[in-house]
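Please take these sequences and the hints and turn them into a complete structure.
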Amino acid sequence: MTGRDIFSDASSKWTEGVGPNADIVISSRVRLARNIKNVPFPHMLSEDKEKEILDSVKYIINTPGFREKAGNFNFISLHVLSDLEKWVLVEKHLISPQLAQSQGQKGVIILEDESVSVMINEEDHLRIQCLLPAMQLNEAWTLTNKIDDALEQSLDFAFHKEKGYLTSCPTNVGTGMRASVMLHLPGLVLTRQGYQVFATMTQIGLTVRGMYGEGSEALGNLFQISNQVTQGLTEEEIISHLNSVTLQVVDQERNARQMLHQEAKEQLEDRVWRAYGVLSNARSISSQEAMELLSELRLGIDMKIIQDIDPKVFNKLMVSIQTSFLQKKIQTDMQSPQRDIIRATTIREILSKV
Amino acid sequence: MLCDKCKQRPATVHFTKIINNEKYEQHLCEECSKGIPHFSFSIDPSFSLNKILANLLTNDPTFSGMGLAFKSERCENCGLTYSQFAQGGKLGCSNCYEVFKDKLNPLIRRIHSSERHKGKVPARTGGKLRLIKEIESLKTELGNLVKNEEFEKAAEVRDRIKDLEKRLAD
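Line order of the protein sequences matches chains G and H.
Mapping to the numbering used here: the first sequence position 127 is 127, numbers consecutive.
Mapping to the numbering used here: the second sequence position 42 is 1042, numbers consecutive.
These are computed hints drawn from the structure, not numbers from a lab.
From the three backbone atoms N, C-alpha and C, an ideal C-beta is built for every residue, glycine too.
Treat the hints loosely; a few may be bogus.
Simulated crosslink set (DSS-like; lysine-lysine; CA at most 25 Å straight-line) [claimed, not checked]:
| no. | chain 1 | residue 1 | chain 2 | residue 2 |
| --- | --- | --- | --- | --- |
| 1 | G | Lys37 | H | Lys1133 |
| 2 | G | Lys161 | H | Lys1007 |
| 3 | G | Lys161 | H | Lys1101 |
| 4 | H | Lys1162 | G | Lys161 |
| 5 | G | Lys161 | H | Lys1166 |
| 6 | G | Lys329 | H | Lys1005 |
| 7 | H | Lys1007 | G | Lys316 |
| 8 | G | Lys265 | G | Lys304 |
A few chain H residues facing chain G, derived, Cβ under 10 Å [as the list claims (entries may be wrong)]:
| no. | residue |
| --- | --- |
| 9 | Asn1095 |
| 10 | Tyr1097 |
| 11 | Leu1104 |
| 12 | Arg1116 |
| 13 | Gly1119 |
| 14 | Arg1158 |
| 15 | Ile1161 |
| 16 | Lys1162 |
Here it is as structure tokens:
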């Protein structure tokens, strides 16, 4: 595979949109930070040494033993990608914004169905991550664990019997695990309960962020909740903690939607249909406006106000309308007004097909 | 996300300004965010988690009052010095965890409220470590069973612990 498919196809494993609680939980993610014993962490490495790590990972994924255990991965060196291609990978959540921006020998390996990607030479030598649609934290952990085992057969990971997996930043030491869920919470936002719910999160060791992780704004009522602590708990404990808290937030969101239905039915319907009206007729739209309206449309679909649209279209649109993705599709360097026109066209096309 | 201004570089500086309940947002790259007149406060673009850790290490009495000798301590394996670590908040290699442990351990406890890993153990690190972990977790289980007066189950667990301990000794 040349990697071309990855850059032009907006669908990824996580955008499938099927699974438990798929109406509120967009995706579940687990990532593990791993480093190679005694090799300086990426920020201390020369490009030559970084290249050695890239080469060894590239070699390992093509060995029969690894393929049998972990499946078929494709290796991509970020060096050969244009900035635009890197940002498409970010918009598909296959790499982090930090990796896309960094200099030096960086890479990523991606499983065929795009459910697993391993960033190479980000903050740690390896960042193994699995991203699945809907509420599937346990499944994501099982898969990540399997890939970790497969890599570990050939790589000597830095591990300390008391401290656990050693990482570049002490905030990740121990399990090296960050588990997160991306939630669509328009009900909590509309009923102004969001702040209260999120404030509680931090008291029980969880963090709330926007959709692209660290430092990003919550766009389109999408929020990411993740664990903060990586040591002193087992991986399963971290997962089950996040699982049960997420289910409570999901319940709360359902209650909020119920309340909206009972107490503000007309306003809500009006809002949803207006969003649909603009999305299916606009000739130019910014990504921010599009994300906000898509969130309202999705709410309308989930609450059966709009009946004949497949909710899955929402996930696909979320990637398709992002700036780099559009730009890549058109293959030319566009200015913002043009991009807004193409974005509006893309949305109309996708919506007319469902 | 690309910069709102130049539309070329990725946006890394995010401004949110709320005036009379009206929200203004702007996403800029580092270049374009320099010298914006209507944002009068100054922003440290490198403000990060690592900076916070670094500040803890330099200013917090637990960490800073440990004598000057530390400052020149250096990891043989990667060359990172303690003061570099204290400035950047990032370690240089896995060996640094051993070299700087006297300061690092309290920091880890501060972050995670724990210093001990309870999770996964890599298979290749040897069976012994796995055995030890398993014995530890069985001992916790045993304690709980005894507390709940489930003595039959407790006896089973105790036997399993004995088995494992024997295997460990071999």
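Comparing the hints with the structure gives:
| no. | hint | in the structure |
| --- | --- | --- |
| 1 | Lys37(G) / Lys1133(H) | holds (21 Å) |
| 2 | Lys161(G) / Lys1007(H) | violated (48 Å) |
| 3 | Lys161(G) / Lys1101(H) | holds (14 Å) |
| 4 | Lys1162(H) / Lys161(G) | holds (22 Å) |
| 5 | Lys161(G) / Lys1166(H) | holds (20 Å) |
| 6 | Lys329(G) / Lys1005(H) | holds (22 Å) |
| 7 | Lys1007(H) / Lys316(G) | holds (24 Å) |
| 8 | Lys265(G) / Lys304(G) | holds (12 Å) |
| 9 | Asn1095 | holds (6 Å) |
| 10 | Tyr1097 | holds (5 Å) |
| 11 | Leu1104 | holds (7 Å) |
| 12 | Arg1116 | holds (6 Å) |
| 13 | Gly1119 | holds (4 Å) |
| 14 | Arg1158 | violated (22 Å) |
| 15 | Ile1161 | violated (18 Å) |
| 16 | Lys1162 | violated (22 Å) |
Checked against the numbered hints given earlier, the structure breaks hints 2, 14, 15, 16 and satisfies all the rest.
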